[in-house]
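The listed protein sequences derive, respectively, from chains E and Z. Note that the first sequence covers residues 1 to 258 in my numbering. Note that the second sequence covers residues 1 to 630 in my numbering.
What the hints contain is simulated information worked out from the structure, not anything from laboratory work. Built from N, CA and C at the ideal position, the CB exists for glycine as well. Some hints could be false.
What the hints assert, rightly or not - Between beta-carbon pairs, the in silico distance windows are:
1) Z:G333 - E:G124: 47 to 55 Å
2) Z:L143 - E:L53: 51 to 59 Å
3) Z:L81 - E:D138: 48 to 56 Å
4) E:D22 - Z:L500: 41 to 49 Å
5) E:G16 - Z:R485: 49 to 57 Å
Unchecked claim - Far from chain Z, by Cβ distances over 10 Å, these chain E residues were calculated:
6) M1
7) G15
8) G40
9) A104
10) D134
11) R143
12) A201
13) D226
14) R229
15) A237
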Amino acid sequence: MTPALACRAVSRTFGGVHAVEDVSFVVPQGSLCALIGPNGAGKTTLFNVATNLFPPTSGEILFFGRSAAGRAPHQLAADGVIRTFQTARVFPGMTTLENVLAGAHLHARVGALAQMLWTRAARGEERRLTAKADALLDLVGLRDARERATADLAIGAQKLIEIVRALMAGPRLLLLDEPAAGLNDRETAELAALLRAIRDAGTTILVVEHNMSLVMGVADEVFVLDAGRLIARGPPAAIQQDRAVIEAYLGRAEAAAP
Amino acid sequence: MAGLVQIVIGGLLQGGVFAIVALGFSLVYRVTNVVNLAQGAFCVLGAMGMYYFQVEFGWPILPAALAAVASATAFGVLVGLATFVPGVARLPPSSALVLTAGLLTFFVGVTLVVWGNQPYALPPFSGEAPFVLGGLRIPSQGLWLAGIAAAMIAALWLLLHKTPLGRALRACAENPLAARLMGIDLPRMMLLSFALAALIGSAGGVLVAPIMSLQFDSGQFFTISGFIAVAIGGMASFAGSIVGGLLLGVAEQLAAFYVSSLFANTLALLLLLAVLILRPAGLFAGGPARRSDVRDDTQVRRALVRLRGRAALGFAVALVAVLALLPALPLPGGLLASLVIALILFIAVLGLDVLMGFAGQVSLGHAGFMAVGGYAAAILATTYDWPPLAATLAALVLSVACALVLAATTRRLRGHYLALATLAFGLLVDSLTVGLVDLTGGPSGLVGIPAFTAAGFAFDTPTRMYYLVLALAVVLVVMLEGGMRMGFGRALKAVRSDQLAAAALGVNVGRVKIAALCLSSALASLSGSLYAFNFHFLSPEIVSTSRSFELIAMLVLGGEGTLIGGFFGSLVLTLLPTLVQDLAAFKTAAEGAILVVIFLAMPEGLFGRIAFWLGRVAPGMPRPRAEIAP
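Using the sequences and the hints given, assemble the complete structure.
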């Protein structure tokens with residue numbers, strides 16, 4: 001089966017600085033993979049390169065066997081590749097429900113004109129999507145917040161809404177950028193359960209994460225990035241034992257701990 | 001040859017004033033990242049002060065000039081302190097841009113109240129006799145203008161580049177957050193830049209008043225010319241402002257001499273559009289271009305004004321019932337006719353709401369589409385005897401085509417530049433309606449436009465017209481409500497809130513913006529056509545840039561993103577001057593003031609207030625932010 005994501009020798013330089021250097025890895029379909037690394041390792045850069053916010057200097061990125069080169073973000077989304085952002089980018093001028101419904105944009109079958117004419121099809125679709133959105137909000141326990149402005153909600157809730165909104169888009173590959181940043185322990189545990197549920201439902205996930213407990217608890221395979229290079233890959237248990245990783249990542253993380 | 005040199009000299013003199021206004025733009029923009037459209041009004045304020053001190057009070061020239069500049073600057077500082085600085089701190093950049101459009105309207109209105117609509121010319125500083133040099137005649141005032149302008153420019157350059165204060169000002173321009181962290185008082189620097197801009201602007205006005213007759217709306221002229229100059233030269237470049245100003249002055253004079261004075265403006269605007277499209281950063285792209293995107297809501301929270309379920313239905317039914325019964329009541333004469341106008345303008349405001357309130361794109365030239373719709377329909381119906389309905393539809397197609405061309409040519413522009421391109425579009429249409437005399441009747445307008453007819457029924461009385469536009473408005477509101485509350489509206493709001501996140505969900509941001517622009521231009525066009533058929537007359541003034549600003553004022557007053565809110569806005573701004581005739585002279589000033597005050601104090605608008613009272617507002621009303629956005 002073609003992998004959901006294949007990075008082939010991807011490099012990205014910023015004026016002589018190698019932010020990402022010769023990185024290759026594969027995210028198989030149906031898996032939940034994690035990309036980790038210490039601060040400044042190039043995780044988010046790699047993520048942004050992958051989603052074409054800025055193209056790679058060299059190398060190639062394939063989503064489901066199709067090159068991402070020259071594809072605009074909305075085209076990637078149409079291919080089933082949906083991403084979230086490091087800082088939750090909910091739409092602040094909309095309610096929670098509207099935010100989640102906005103995720104269904106790709107699946108709207110009724111045009112603007114039909115909506116303006118309040119056709120039966122338009123109203124039916126609206127009802128269907130709302131029911132789906134409500135079900136997803138139930139799943140993450142945010143049903144009560146459906147009519148509230150998302151800007152009023154706590155960061156944890158906003159991050160969940162962003163994930164739920166991404167799910168509304170029916171992704172084949174879900175790319176999550178530090179979903180646990182800003183969450184407390186309980187919320188992180190809930191997030192882990194949610195990610196497992198999404199994976200078990202058949203959606204491939206790649207999560208870029210800082211939070212080791214989340215990653216080690218849920219990931220099938222972990223890629224470790226340090227100073228722009230991939231230094232290790234493997235199942236979480238093996239990664240925890242990897243000497244290079246401990247030196248590059250865990251060692252520093254421990255040293256930095258108060 | 002001597003004639004050419006003479007024209008160039010005239011152009012350089014006029015360009016000197018443009019350069020001064022352009023410098024003011026550049027100064028304020030570099031510190032606040034806001035294009036201050038009120039800039040040109042300072043020239044007129046200065047000239048107006050000069051008129052009073054010199055002509056009315058009989059002061060000698062020097063004290064009169066100093067007093068005029070000082071009082072205009074003081075007035076500018078007060079207004080800046082009360083509105084501009086808090087506005088920049090609280091509003092997203094594009095709303096701040098609209099705020100300055102409100103300030104410009106306010107200043108123009110104040111000048112209208114004080115001066116009336118007469119043109120004024122002041123005596124030259126040193127007599128009427130021109131200075132003659134080798135057969136060239138240079139007005140002596142021109143020497144004063146050139147000399148003092150050069151001195152001011154030099155002083156400003158020294159201030160910016162050679163003093164600690166100038167360094168602080170420039171630091172704000174480069175990185176406001178870092179500047180704050182370094183202990184620079186950003187609001188004070190903003191006010192300082194605003195005051196300096198007011199100072200040089202009013203001085204420019206005092207200098208130019210003897211060689212150019214000024215009137216109440218000259219402020220708009222100076223703003224537009226200064227803006228074109230600074231856009232040509234480069235928004236963030238000192239030298240660019242000066243070169244841009246001089247270039248524009250000479251180009252306008254040459255165009256006026258060799259083509260036609262009616263088209264001088266058209267050529268300048270084409271020049272501007274060309275520069276905006278080909279080199280958005282200007283010819284002298286100096287300094288870092290701080291590109292801000294469309295109304296970035298990620299920084300600013302906005303009201304979620306919404307009536308739901310029964311409250312909405314009850315409100316709508318009651319409103320439509322009252323409006324439907326109005327003609328049966330014994331109304332004071334002319335009121336029904338004013339209501340017709342209010343409803344016709346409401347249709348344009350609806351379109352503007354889709355574009356601004358929902359999709360977050362600022363259009364400062366929306367009356368341009370009204371003009372296309374109005375003139376095209378009127379010309380087809382009058383000159384070519386088309387049935388009004390067919391003419392209206394054809395005009396609508398033409399307007400949408402214009403919108404598509406505008407969208408295609410400006411697709412690389414974002415944020416301010418896009419808003420300013422729409423302003424240029426409105427002004428371009430403006431100047432064409434004036435210039436194409438054979439087609440449009442020129443400044444005196446197009447007369448003898450027939451009444452609207454459809455299926456053999458003539459809407460030739462105010463009552464008939466009233467029911468026609470009321471029915472249209474109701475149908476449009478119901479349709480747009482459907483579109484805006486379902487997927488289409490969500491895509492628009494997503495684009496308004498966060499384009500990157502919207503694109504990540506598969507929203508084709510460019511296409512959504514174009515769809516919003518087309519829809520909104522179609523509604524403006526319809527409104528323009530109806531206006532022409534209702535009034536039986538159309539003149540450039542009816543669909544000028546002032547009208548564009550008025551439409552924005554109506555929308556903001558009523559409440560953005562609410563659809564129905566615009567009705568209350570257009571009702572109030574249309575009826576107030578009719579009901580209270582004495583206030584008619586204050587209309588323009590009031591519109592400007594309302595736009596500014598509502599933006600600052602009641603961003604949810606009239607309808608937001610109504611929804612508040614009905615107690616069904618979704619939580620999350622905006623709070624003013626204490627911090628200035630980095």
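Hints versus structure:
no., hint, verdict
1, Z:G333 - E:G124: 47 to 55 Å, "50 Å, holds"
2, Z:L143 - E:L53: 51 to 59 Å, "56 Å, holds"
3, Z:L81 - E:D138: 48 to 56 Å, "51 Å, holds"
4, E:D22 - Z:L500: 41 to 49 Å, "28 Å, violated"
5, E:G16 - Z:R485: 49 to 57 Å, "51 Å, holds"
6, M1, "24 Å, holds"
7, G15, "16 Å, holds"
8, G40, "21 Å, holds"
9, A104, "7 Å, violated"
10, D134, "16 Å, holds"
11, R143, "16 Å, holds"
12, A201, "19 Å, holds"
13, D226, "27 Å, holds"
14, R229, "27 Å, holds"
15, A237, "33 Å, holds"
Going down the numbered hints, you'll see the structure goes against 4, 9, while the others check out.
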